[in-house]
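Mind docking chain B on chain A? Use the hints.
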Amino acid sequence: MAGQTPKLNRYVFAVWRRNLLVWRRIMWASLTTNVADPLLFLFAFGYGLGAVIDQIAGLSYLAFVVPGMMAYATMFAASFETTISTYARISMQGTWNAILATPVTLTELILGEALWATTKGVFATLCVLGVGFVWGGILSPQGALIAIPVLALGAFCFACCGLAATAHAGSWDFFAYFFTFWVTPMFVFCGVFFEVTRFPWFVQLAAWLLPMTHLIAVVRPLVTATALDPVVALGHVAYLAALAVIAFWLARRRFARRVFD
Amino acid sequence: MTSIVEAEALEKRYGDVHAVRGVSFDIAAGTCIGLLGPNGAGKTTTMRMLMGLTRPSAGRVRVFGKPIAELGRSFRMRIGLVPQDDNLDPDLTVRQNLDVYGRYFGIATATLTARVPLLLEFMQLGERGDAKVMQLSGGMKRRLVIARSLIADPELIVLDEPTTGLDPQARVLIWRRVLDLKRQGKTLLLTTHYMDEAQRLCDRIIVIDAGRILDVGTPQELIARHVAGHVFEIAKPVPDGVLPDALEREDIGDAILVYTAEPSALRDRLPAEIDYIHRAANLEDVFLRLTGRRLRNE
Numbered sequence: 001m002a003g004q005t006p007k008l009n010r011y012v013f014a015v016w017r018r019n020l021l022v023w024r025r026i027m028w029a030s031l032t033t034n035v036a037d038p039l040l041f042l043f044a045f046g047y048g049l050g051a052v053i054d055q056i057a058g059l060s061y062l063a064f065v066v067p068g069m070m071a072y073a074t075m076f077a078a079s080f081e082t083t084i085s086t087y088a089r090i091s092m093q094g095t096w097n098a099i100l101a102t103p104v105t106l107t108e109l110i111l112g113e114a115l116w117a118t119t120k121g122v123f124a125t126l127c128v129l130g131v132g133f134v135w136g137g138i139l140s141p142q143g144a145l146i147a148i149p150v151l152a153l154g155a156f157c158f159a160c161c162g163l164a165a166t167a168h169a170g171s172w173d174f175f176a177y178f179f180t181f182w183v184t185p186m187f188v189f190c191g192v193f194f195e196v197t198r199f200p201w202f203v204q205l206a207a208w209l210l211p212m213t214h215l216i217a218v219v220r221p222l223v224t225a226t227a228l229d230p231v232v233a234l235g236h237v238a239y240l241a242a243l244a245v246i247a248f249w250l251a252r253r254r255f256a257r258r259v260f261d
Numbered sequence: 001m002t003s004i005v006e007a008e009a010l011e012k013r014y015g016d017v018h019a020v021r022g023v024s025f026d027i028a029a030g031t032c033i034g035l036l037g038p039n040g041a042g043k044t045t046t047m048r049m050l051m052g053l054t055r056p057s058a059g060r061v062r063v064f065g066k067p068i069a070e071l072g073r074s075f076r077m078r079i080g081l082v083p084q085d086d087n088l089d090p091d092l093t094v095r096q097n098l099d100v101y102g103r104y105f106g107i108a109t110a111t112l113t114a115r116v117p118l119l120l121e122f123m124q125l126g127e128r129g130d131a132k133v134m135q136l137s138g139g140m141k142r143r144l145v146i147a148r149s150l151i152a153d154p155e156l157i158v159l160d161e162p163t164t165g166l167d168p169q170a171r172v173l174i175w176r177r178v179l180d181l182k183r184q185g186k187t188l189l190l191t192t193h194y195m196d197e198a199q200r201l202c203d204r205i206i207v208i209d210a211g212r213i214l215d216v217g218t219p220q221e222l223i224a225r226h227v228a229g230h231v232f233e234i235a236k237p238v239p240d241g242v243l244p245d246a247l248e249r250e251d252i253g254d255a256i257l258v259y260t261a262e263p264s265a266l267r268d269r270l271p272a273e274i275d276y277i278h279r280a281a282n283l284e285d286v287f288l289r290l291t292g293r294r295l296r297n298e
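Protein chains in written order, with this note's numbering: chain A, 1 to 261; chain B, 1 to 298.
The following block holds chain A by itself, in its conformation from the complex:
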């Protein structure tokens, strides 16, 4: 119950490591799907949209869409891990109950889960980066490398948001809402496939509330070597960090009530 301030320590690492060990068994399947996904996307969209769209924001469609897909991959992986997978660990496998009977505190458990989801988010984005690179869709490999820590922060933010949602989930049905009203909007409104500026102002406003828009606003210029104001970039990063902190706090508060009361 103690340990209000999240700190990185061996207990957090123990939780992270447990998830890694379980995942290692399905690592090759995971690698296959994470690589096949962007391949299918790029193939289909490359032929479909790429043929229609000559240039977008001064870039080839391929160069435009790869950073968007990198952000999407990290968002989806981190969100899925902290909702469906975490909820299975809580409700079906009793993993959380087992861990909470040990010296690991709830805060450390939540942080361990968030960091594990971040790891999976980074893994997913690296798969897209690899595919995009081979396909010729990465204009600036150096920029892409700089983008990875930003994507990791994004993954952490999505993980905390997912945990905050899971903390409120009463049953599996709850996650249908989560995916329809959180994941899907970030897929379609936040600039993965085209610029946010094409939407009417009120949609744009809503899009800028979602963390995905901020993540793409930093990642795309980095990966495509286009202009990026460092101050603006810092603002986006700060937004992601702030949302992560708020979501983590909400998740912790709600889980504490569910676990201990």
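What the hints contain is simulated information worked out from the structure, not anything from laboratory work.
Partner residues are not named here, just some residues of chain A that face chain B (Cβ under 8 angstroms, in silico):
#1 A14
#2 R18
#3 V22
#4 N97
#5 I99
#6 L100
#7 P103
#8 T105
The beta-carbon is built from N, C-alpha and C at its ideal position, and this holds for glycine as well.
This is chain B only, laid out in the frame that chain A set:
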């Protein structure tokens, strides 16, 4: 003797449900205490409050001489929990389960490497170290959960229904190991609804029902206090006037249990055509005396 656990007027409410209604008891170091009660009696909730896993609505808990709130994480190092549900990691091997769990206690790799085989041996799982948990039988899973609870060499071991749902062989093996732990000087808290288990393993028994303690004592004390030495289990229908009014009895549906200190006197009164079993009173009778009425009224 020093008390390892002191519970004082513990209460727990979940909304309108009053799961535990003022429970107080002590657990002396090196003893085995049984929390005995039917399903829903409040055993698990009480146990969770003692471990700081559930916040009490009222009352106090002291563990190792201090209130839980002052103990931080250190006291968890000294308690091993065997939960009611097998919450092992089904995707990991037997050995990995112990290794992963040990790291939650911050145990160093070298220590774990040395300790894990010993624990597997102790719980007779030595051959199954590399088996997946899903491949284990119910009894083996249970033994693994017990091995897991011992990973940090705890002083207090809390066993929540350790043998529920197991076959007799598996139960006997677990009882032997629990008695071994007692001999090693561990303090044990056991919840169960099996009377034979409580009678075999526990020095003291707390009978709990509907969130209240009904009585506390050694198995012998409880038997002496609540049931006369002998029990006649008499099949229904029992003709009127056969049973002396002075004798205590309990209706258990298709039979009546009659308690008496003088078995021959009662035997002489029973008509030849009546079907009955005569046996020594045991904890089960105590339990029925203490909680039976409630069951009947439901």
